[in-house]
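Participant: Using the sequences plus the hints, can you model the full thing?
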Amino acid sequence: MPRRNPVVSGGEAQRLLLLLTLLFLLVACGPPPQIHVDADRPALELTKVPFYPQEQYQCGPAALATVLQWTGVRATPEELAPALVIPELKGSLQIEMLAQSRAQGRVPFVIKGELRSIQAELAAGHPVIVLQNLAFAWKPVWHYAVVVGVDPATQTVTLRSGREQRHVVDWTLFERTWKRADHWAIVVLKPGVLPASADITAVMNAAMPFEQSGDAKTTLAIYRSAAKRWPDEIAPQLGVANSYYTQGKLKSADTAYRNVIAKFPDDPVAYNNLALVLADRKRWKSAEAMVEKALQIGGPLREEFLDTQRQIHCRGKCK
Amino acid sequence: MRYLAAAMRRLTLLVTCVFGFMTVAMPIAQAGMISVERHASSQAAADQHAQVQDFLQREDVRAQLMDLGVDPQLAQSRAAALSDAELARAADLIDEPAGAGAAGTIALIFIILLITDILGYTDIFTFIRK
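So the sequence lines, in the order shown, correspond to chains A and B. Residue numbering for the first sequence follows this note's numbering, starting at 1 and increasing by one per position. Residue numbering for the second sequence follows this note's numbering, starting at 1001 and increasing by one per position.
Accuracy of the hints is not assured; some may be wrong.
Stated by the list, open to error - Partial selection, computed: residues in chain A whose CB lies under 8 angstroms from chain B:
no., residue
1, M204
2, M208
3, E211
4, G239
5, N272
6, L276
7, L301
8, E304
9, Q311
Stated by the list, open to error - Far from chain B, by Cβ distances over 10 angstroms, these chain A residues were calculated:
no., residue
10, Q34
11, Q56
12, V169
13, N273
14, D307
Don't read these hints as lab results, they were simulated from the structure. Beta carbons: idealized from backbone N, C-alpha and C, even for Gly.
Facilitator: Here is the structure:
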């Protein structure tokens, strides 16, 4: 019996050819990506943003040093590298880019992954760190770069990237490489400066790690600016008062909570927190009255208000 | 001996300073303070309760519930008693557009079944703990 030829048979070969053709068509004629861009904005370029030619696997430190310098932090890629680069991965993790920004006394904000958000940041003078995947989803080549310019007339994006000080790319191509990295983009700013494009949730989220680490000075700066920009939102104003309290500034906290109550009389949280400030100042009667108001309003945090009341009843000496 | 005594005094001073600092830095009421994060999450939960209630009051949803043999009024009152976590699951799904079209209808039925599952009227999804 003749051995069957292992080479693909006629029918199979045809199918393979068809598959390859389809694959080619898919690659060649993929729909152009949707680009959310503000076409009416003039060309923007932050020409004075510094540049660090990148050593091998150092795009993370180079990009971060670039924006940190821009905000007045003296940090070089070489100084940042030990805390950022994971030799095994030949690169840096996104969360570590955020953590290092905080360690350097700056506030990182993740902004919305649209070109128009980048434009808004550039217009405000904020260069934007982006993550790109320069190759394929199945064989990624990750890369951090700093966007310093967007020009709607030529439809290009200008980056500090690798060894190029002005890497100008077609924005369709930029969008493809950026999309493969889930449109990740951050701005790194001085405490108290807010991103132009971010909504209040993004700003409050940026304050959270500082709050958890007890850095009340930074949270105070963030919440103050947020309270100015969103005067009708309670969260930043509550944040201001809480930050004073964390700093041990009881009188400022007292005033700040009363401001919150004057503006948002139906929210019970400021009453509860003010009651605790009053308790710390040994004004037990006023504290009792205040927590009573929180309990009258009630809501999902009622259990916590009852705890506060117990604390006040036993004059802070509960078991 | 005198050296030891001096060292002890320094140590005592250090310990006193450290403890003194801790008392100043940690006011008695720290535990009861409600953080911005806690405040926000409690508000989100309240919003979700409202969202699910709105959903259960929709005409098409009420009709579906009645088809399933569920009293819409009762469904509402029981949805109000759900925990925040259970509700978050339902509210997340309601965020999906469940309007016109076949996909919309399927999503709508799915959400209704999910809610009635949580409420204990139906038993479709095994991941829901009754």
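Participant: Does each hint fit the structure? Answer for all of them.
Facilitator: Verification of the hints:
1. M204: Status holds, d = 7 angstroms.
2. M208: With a closest approach of 6 angstroms, the M208 of chain A hint holds.
3. E211: 7 angstroms, holds
4. G239: With a minimum Cβ separation of about 5 angstroms from chain B (threshold 8 angstroms), the hint on G239 of chain A holds.
5. N272: 6 angstroms, holds
6. L276: Hint on L276 of chain A: holds, closest Cβ of chain B at ~4 angstroms, below 8 angstroms.
7. L301: 5 angstroms, holds
8. E304: This interface hint holds because 6 angstroms falls under the 8 angstroms limit.
9. Q311: 6 angstroms, holds
10. Q34: Per Cβ check, Q34 of chain A is outside 10 angstroms of chain B; nearest 19 angstroms; holds.
11. Q56: Non-interface label on Q56 of chain A holds, nearest chain B Cβ at 40 angstroms vs cutoff 10 angstroms.
12. V169: 35 angstroms, holds
13. N273: Violated, since 6 angstroms does not exceed 10 angstroms.
14. D307: 6 angstroms, violated
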